[in-house]
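A.B. asks: What follows is each chain in one-letter form.
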Amino acid sequence: MKFVDEFRDPELGRALAGEILSLVEPGRRYKVMEVCGGHTHSIYKYGVDDLLPANVELVHGPGCPVCVIPMGRVDDGIAIAREQDVIFTCFGDMMRVPGSNGSLLDAKAAGADIRMVYSPLDALRIAKQNPDREVVFFAIGFETTAPSTALTLKRARAEAVTNFSCMCSHVTIVPPLRALLESPDLRLDGFIGPGHVSTVVGARPFEFIPADYGKPVVIAGFEPLDILQAISMILRQLDEGRCEVENQYRRVVPYEGNLRALEVLQEVFELRPHFEWRGLGFISHSGLKLSDAFADLDAERRFSVPGVRVADPKACQCGEVLKGVIKPWECKVFGTACTPERPIGTCMVSSEGACAAYYNFGRFAREREVV
Amino acid sequence: MTVVRVDVERGLALCRAEDGSKATVETALIESVMPGDCLLVHAGTAIARIEAVLVP
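Chains as they are written, first to last, in my numbering: chain B, 527 to 897; chain V, 260 to 315.
A few of these clues could be false.
Unchecked claim - The following residues of chain B were derived to be distant from chain V, with all beta-carbon distances above 12 angstroms:
id, residue
1, Gly573
2, Pro657
3, Thr670
4, Leu712
5, Arg713
6, Ile809
7, Pro832
8, Val859
As the list claims (entries may be wrong) - No farther apart than 30 angstroms at their CA atoms in a straight line, the calculated lysine-lysine pairs in the DSS-like style are these:
id, chain 1, residue 1, chain 2, residue 2
9, B, Lys858, B, Lys557
10, B, Lys654, B, Lys680
11, B, Lys634, V, Lys281
12, B, Lys634, B, Lys840
13, B, Lys853, B, Lys741
14, V, Lys281, B, Lys654
15, B, Lys680, V, Lys281
16, V, Lys281, B, Lys571
Derived from the structure by calculation, the hints contain no laboratory data. Beta carbons: idealized from backbone N, C-alpha and C, even for Gly.
I would like the entire structure built from these sequences, with the hints used as guidance.
C.D. replies: Given below as C-alpha cells:
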C-alpha cells in the first residue's frame, strides 16, 4: 500500500534505531511524550519501544479523544438517549465508556435507541431516514475530528434537516499540553507532536513549547519509521542544543495547517470558558461548543441534561496515566478488575488508550537496563 | 484512502480503503480532488491529501 509499506521497512527501522543509539548520552535519561493516542497504539503494536535504548522512555500523553471524556459527559449523553423518540448516535468506542451508572451500551441494552456510526455524516443520514425522530450525534475528538462535525452541521443546515442536533464534546490539544508543562509532577525532554491534529491546526500552535518551556517538538506520522525518525530528530535537537518545532510528517502536515478546515471550525464552534477533562480536571478554553449561529442544532439546548460532575472511581488511575505520571501496569486494577472487556477507566476502552494498548499487545510490565 | 470517483457538486467522493472497502467521503476541505488521489480521511471527512516525500 502506497505511503504505508515504505514506512514499515525493517532495515530502515534498524538503521534508525542505530542512529538513535548513537545520539543518546550514556547515563542520561530521556523522557519523550507522544501526545497522540494513535502514536501510543502504533508504538505498542509495532514494538517501537523495544528498538529504543533503555534510557529513552516514552511517556503517553492526553491525546486519546475517548479517554479524556469525563463520566459526567457520558451521563449527559445517556440522559438524552433515554428521551422519547430520540435516536442517539456515537462512535463505537464511546459506547463502552463507563458513566456513573453504566455505559451507553448498557443504556442501549436497557432499551434506549443508541446506534454506532463511523462519521457524523452517517448520523445525518439516519436523521434524514427518520424524519419523525430526533437524531443526536455525540461529537467527541480533537481538532482532527471537529471539522467533520462542523461540515455535517453546515450540511444539516443547508439541507434543512431539522431533526438533527449535536452534543458537542470536542476538545483542543494545546491547553492540556500547557497544563502538563506547568505540572510539577512531570519532567519531559521533548514531544512527539500529534500528526493528525497538526494536519488541521498546522505546526504553529506548538511553537510555545520550545519558546516558553525550552522543549523540542517533532510532529510525526503514525507508521513505525515515522515514530523512530521523530525520536531521532528530538534527540538530535537535544544533542545539538537546539529547541524548535520540526515537521517529520510533511507528506500530510503543512506548516500552516488546513486553512479551509480552520475556517469551518471558526464558523461553527466557539471555545467554552472551561471544560472538564478526565484526570486533568477543568481546563480553561479547552473545549468547543456550537457558536450562536448554530445554537439551534445544539442538543444541550434542545434537551435537558444533568450536567453533573462525577468523580472517577477511586480504584481507577486513568488521570495519572493520561498525565504520563504512571505507566498503565502501575494502576492497581490494570488487567485484573479493569480489562478491555470490562473497562473501569476510559484508557482501557479505546484502542488509542494507553492501558488498552499495553493490555492488547501484551506489554504488562518491563524491566530495562540503563545504557 | 484512494479516490475512485468524485461528485464535485455535492462535495463528496467515493474512496477505497486499504482493505478494499469503499466509503463516501466529504471532500470540502481539500482543493481539486481527483480520482487516484490519496486522502487522509478522519470520521468520514478528508482532512489532507497525502503527498509524495522522500522516505526517511
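A.B. asks: Indicate, hint by hint, whether the structure satisfies it.
C.D. replies: These are the hints, each one checked on the structure:
1. Gly573: Given that every Cβ of chain V is farther than 12 angstroms from that of glycine 573/B, nearest at about 18 angstroms, it holds.
2. Pro657: Holds: least Cβ distance 20 angstroms, greater than 12 angstroms.
3. Thr670: violated (5 angstroms)
4. Leu712: holds (29 angstroms)
5. Arg713: holds (28 angstroms)
6. Ile809: The claim holds: isoleucine 809/B sits with its nearest Cβ about 23 angstroms from chain V, beyond 12 angstroms.
7. Pro832: Holds: least Cβ distance 27 angstroms, greater than 12 angstroms.
8. Val859: Valine 859/B clear of chain V: closest Cβ-Cβ about 31 angstroms, beyond 12 angstroms.
9. Lys858/B x Lys557/B: Satisfied, since the Cα-Cα distance of roughly 23 angstroms is no more than 30 angstroms.
10. Lys654/B x Lys680/B: Cα-Cα ~15 angstroms, so holds.
11. Lys634/B x Lys281/V: At roughly 28 angstroms apart (the allowed maximum being 30 angstroms), lysine 281/V and lysine 634/B satisfy the hint.
12. Lys634/B x Lys840/B: It holds: about 26 angstroms lies between the C-alpha atoms, which stays within 30 angstroms.
13. Lys853/B x Lys741/B: holds (22 angstroms)
14. Lys281/V x Lys654/B: Measuring from Cα to Cα gives roughly 22 angstroms; hence the hint holds.
15. Lys680/B x Lys281/V: holds (24 angstroms)
16. Lys281/V x Lys571/B: holds (25 angstroms)
In the structure shown, a violation is registered for the earlier hint numbered 3 alone.
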